[in-house]
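One line per chain: the protein sequences are A and B, in this order.
Those letters in the first sequence? Residues 5 to 349, by this note's numbering.
Those letters in the second sequence? Residues 3 to 336, by this note's numbering.
Hints are not guaranteed to be accurate.
[Said to hold, decoys possible] When the alpha-carbon atoms are kept at most 27 Å apart in a straight line, the in silico DSS-like pairs for lysine-lysine are as follows:
no., chain 1, residue 1, chain 2, residue 2
1, B, K131, B, K228
2, A, K343, A, K204
3, B, K131, A, K336
4, B, K235, A, K336
5, A, K343, A, K127
6, A, K127, A, K204
[Said to hold, decoys possible] Computed Cβ-Cβ distance ranges for the label pairs, DEER-style:
no., chain 1, residue 1, chain 2, residue 2, range
7, A, N96, B, I163, 42 to 48 Å
8, A, L222, B, G231, 41 to 47 Å
9, B, S50, A, I103, 47 to 53 Å
Hints listed in this document are in silico derivations from the structure and should not be mistaken for laboratory results.
For glycine and all other residues, C-beta sits at the position ideal for the given N, C-alpha and C.
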Amino acid sequence: MSETLVQTVPSPLRKRRFFDSNIIALIVLVVLAFPLPLLLDQGQEAVAIRVLIFAMLGMSWNIMSGFGGMFSFGHAAYFGIGGYSSSILLVNFGISPWIGMVVGMGVAALYGVIVGWLCFRYKLRGTYFALATFAFAEMLRIIVQSADVVNSSVGYNVPLIQGSSWWLMQFPAGSPNYFWLGLGLMAACLLVTILFVRSKAGRFTVAIREDETAASSLGVPVLRYKLTTIALSGAIGAVAGVFYTQYYLFIDPELGFGAYRSIEAILIPVVGGIGTIWGPIVGSVLLAPLNDITAAILRNPPPFLDFLEGRTGLDVMLYAILIIVVILFLPKGVFGTIKEKVTKR
Amino acid sequence: MSATQALSPAAEVEAPRRGIPPNLRPILVTIAIAAVVFFLAFLRTDGSGLILTQALVTGLLAGGVYGLVALGLTLIFGVLHIINFATGAFVTLGMYVTYVMSSNFGWNPYLTLIVSVPSLLLLGIAIQKFIINRAMGESHANTLLLTLGIGLLIENTLLLIFSGNPQSVRTSQDRVFNIFGAVATQSRLIAFIGAMVLALALFIMLQRTPIGTAIRAVASNPTGAKLVGINTKRIYIITFALGIACAGAAGTMVSPIVSITPVAGEVFNITAFVIVVLGGLGKVLGAVFGGLIVGLAEQFGGILFPDQSNLLGVFIVFVLILFLRPQGLFSSGS
């Protein structure tokens with residue numbers, strides 16, 4: 005039924021070339037970003053790498069909640085599963101993080117599908133769905149925190165190696181390879197997002213978000229596409245977690261599964277633009293450097309901010325103010341608002 | 003249209019269909035599960051009645067305070083249809099108001115209620131009037147994110163001002179009472195009784211005063227309420243202020259018991275969500291009873307899974323309720 009529909013309706017999808025504007029923009033972005041580590045100093049490169057991690061985390065949330073319309077409050081789960089999968093395999097069995105990444109993507113996708121299936125089986129929507137994802141992520145954190153099998157609250161240190169190895173995803177501190185690795189992974193995730201959004205599955209997913217009943221009555225297998233979307237989102241979240249762990253060489257339950265990670269995953273696309281391909285990228289470029297800017301201010305405050313010296317909390321305060329301002333004045337996010345202005349003209 | 007539909011709780015949840023007497027069943031199931039949990043806990047503790055009584059007493063006493071926080075959350079949800087993710091932050095704020103008043107001016111911690119409640123009411127009015135009312139009627143994700151941002155802002159402002167070091171509020175000697183062999187400190191008893199009294203006062207206010215009637219009218223039918231001349235925006239402001247004042251009052255009353263940090267309210271945030279879903283979104287009495295159940299779940303979870311955080315029991319209850327009775331334990335049918 006759905007097959008015949010899709011074939012008889014003339015679809016712009018069929019005429020589109022592979023190299024559409026999004027793909028070209030992606031290529032331009034990669035080419036422009038490639039020489040960055042040679043131009044930046046070590047501190048700035050660390051910020052650039054955090055932009056990449058944020059971008060992946062944000063893209064992951066954006067696929068499920070932006071394009072899929074399933075509001076997730078528990079994206080830390082995917083991130084943590086990724087980071088933990090790769091570090092458990094690496095620390096205990098000496099298995100390459102690349103394989104750990106594939107395993108982590110699989111486990112995260114599976115976890116997402118199970119949680120999603122349970123939620124849809126019991127017809128949870130909207131706020132209830134968000135609360136359920138939150139509850140599951142918190143349960144994971146609590147269990148990991150007290151399970152000795154996974155080092156409980158201590159977490160994992162990635163074992164250090166001499167020199168650098170692409171296979172073990174480890175380089176000397178400040179090596180430009182970290183940036184290029186992250187850029188490659190980020191570009192791959194972005195490519196997958198672009199391809200997903202313009203694929204049949206992506207269009208069905210957006211149709212389901214807009215009107216589930218209508219999509220279902222036209223023969224779209226709603227549950228299957230919802231779960232596919234969650235699985236894809238979970239897999240990308242896991243990639244972010246693996247890269248994070250390999251870069252910072254450390255993960256613990258709070259860093260991996262903490263509620264704050266879930267909040268970060270939401271903030272990035274919200275600031276950039278929910279449900280747009282480039283929103284998470286814009287959001288991460290805006291949000292990731294905030295930490296360092298505030299850290300610099302607090303370490304060496306200008307005279308009128310003297311009283312702030314050595315204090316913490318300013319970075320998240322700025323996040324919070326930013327999110328309130330964005331929701332009130334740019335509810336479509338920075339990129340979303342710009343896009344709307346441009347296309348209206 | 004679809005946006006307004008999504009806002010009403012009934013549209014979000016469809017009760018799983020079942021063809022068995024609707025009213026009694028959930029309560030019987032709850033009692034049965036409670037009995038099984040109690041029995042397992044009995045086995046786990048090798049039949050030590052004392053540990054179980056202690057868990058019961060501690061659970062109920064803590065549950066009363068959870069109930070008051072949840073009452074604020076459920077009130078806001080029932081009227082404004084937003085999940086207030088900043089609830090925990092307002093509890094923390096209540097604690098810090100008490101901490102400042104009692105450590106700087108030597109006030110009795112319980113006396114600081116006359117400062118913490120009015121200041122949270124004022125804050126609530128300002129937040130609803132200048133921030134949330136602007137986003138009312140948009141997607142529920144937006145209002146949820148706004149409260150999340152407000153919560154983060156409050157917590158981190160407190161972190162900036164007071165640093166993350168735990169603070170404590172001194173009380174005069176904490177007497178210990180003996181209840182069926184279990185011990186309960188005076189401060190816990192006061193917190194419980196205070197929470198119950200405030201919950202009762204709020205309940206009476208909602209039932210008996212004109213403003214309470216107006217709030218209930220807006221909750222059940224905003225358009226109708228507007229038609230009979232109720233200023234709904236004003237009711238939203240009052241409701242939000244009352245809701246977070248509950249959280250602040252709870253924070254004041256637990257401040258002698260807990261160690262005060264900028265994230266001390268988080269546990270109240272989590273339990274409040276669980277309680278509100280348990281008791282039925284927007285149900286006042288459900289919040290109070292749900293609070294007691296969650297207080298018990300926390301204690302008995304601690305007995306059944308001694309190596310895990312107490313919250314695991316709470317989350318297990320949460321997920322079971324979400325899946326099996328998303329409309330809440332005490333509501334009949336859908």
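Structure-based check of each hint:
1. B:K131 - B:K228: holds (18 Å)
2. A:K343 - A:K204: The hint holds at about 23 Å.
3. B:K131 - A:K336: Holds, at about 22 Å.
4. B:K235 - A:K336: holds (24 Å)
5. A:K343 - A:K127: violated (34 Å)
6. A:K127 - A:K204: Holds, because 25 Å separates the two Cα atoms, which is no more than 27 Å.
7. A:N96 - B:I163: 42 to 48 Å: holds (44 Å)
8. A:L222 - B:G231: 41 to 47 Å: Check passed, 45 Å falls within 41 to 47 Å.
9. B:S50 - A:I103: 47 to 53 Å: Since S50 of chain B and I103 of chain A have Cβ atoms about 49 Å apart, the given range 47 to 53 Å holds.
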